[in-house]
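As you go down the protein sequences, you meet chains A and D in turn.
For the first sequence, our numbering begins at 1 and goes up steadily by one.
For the second sequence, our numbering begins at 116 and goes up steadily by one.
It should be emphasised that the hints constitute simulated quantities derived from the structure, not laboratory data.
Some clues are possibly wrong.
If you want the footprint, here are the derived chain D segments under chain A, 3+ residues with CB under 8 Å [what the hints assert, rightly or not]:
(1) 135 to 147
(2) 155 to 165
(3) 190 to 204
(4) 218 to 224
We put the CB at the ideal spot given by N, CA and C, even for glycine.
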Amino acid sequence: AQKITQTQPGMFVQEKEAVTLDCTYDTSDPSYGLFWYKQPSSGEMIFLIYQGSYDQQNATEGRYSLNFQKARKSANLVISASQLGDSAMYFCAMRESRDFNKFYFGSGTKLNVKP
Amino acid sequence: GAGVSQTPSNKVTEKGKYVELRCDPISGHTALYWYRQSLGQGPEFLIYFQGTGAADDSGLPNDRFFAVRPEGSVSTLKIQRTERGDSAVYLCASSPGGDMDYEQYFGPGTRLTVT
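Starting from the given sequences, assemble the full structure and let the hints guide the process.
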């Protein structure tokens with residue numbers, strides 16, 4: 001089974017609006033971490049946000065927040081007040097405590113922000 | 116400060132040839148990762164180093180792939196008898212280790228094309 005599933009190959013959002021990028025994960029490990037990365041067309045992956053499986057609060061970093069729903073095994077990324085510079089590929093990733101250094105990435109969502 | 120650098124940025128080689136891809140991590144980062152990213156996919160874990168040793172090489176697809184990090188800094192990914200299916204972007208990432216180990220810093224990648 002896929003460890004990380006991103007079902008939206010592409011998304012459009014109007015500048016200044018909020019957008020949610022979906023991510024579901026599959027693990028039987030009770031301890032794990034969830035990540036979101038941004039990959040602009042230049043190719044360099046940029047770390048955005050992290051959520052630990054035992055964290056009670058949803059993670060937030062500036063305009064990024066992670067909507068963590070543990071029972072549903074989902075870890076959606078919410079970008080508020082979209083900017084043109086947010087246009088990029090976004091990848092959800094996970095690592096499990098039993099295999100701490102192996103990161104599993106989804107296939108990504110291409111976000112286009114329209115002016 | 117300087118980020119993760121990778122050389123060459125592009126490499127075109129003929130099927131059957133040997134290639135070496137180099138990664139210079141951020142100074143002081145003890146953890147180093149190699150990933151392979153095929154077109155339209157997320158990064159796929161290859162190998163992880165903690166210091167000089169390969170702590171997890173379970174992602175290497177077969178014995179044509181090998182990686183070293185002899186002095187705990189620069190790493191080289193080596194591919195023997197290249198095949199067309201090896202064509203991909205090879206990403207390197209480093210992290211400080213310890214409690215901040217979740218934040219990986221990626222290089223720009225090496226695009227390998229096997230003709």
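Tested hints:
{"no.": "1", "hint": "135 to 147", "verdict": "violated (count 1)"}
{"no.": "2", "hint": "155 to 165", "verdict": "holds (count 8)"}
{"no.": "3", "hint": "190 to 204", "verdict": "violated (count 1)"}
{"no.": "4", "hint": "218 to 224", "verdict": "holds (count 7)"}
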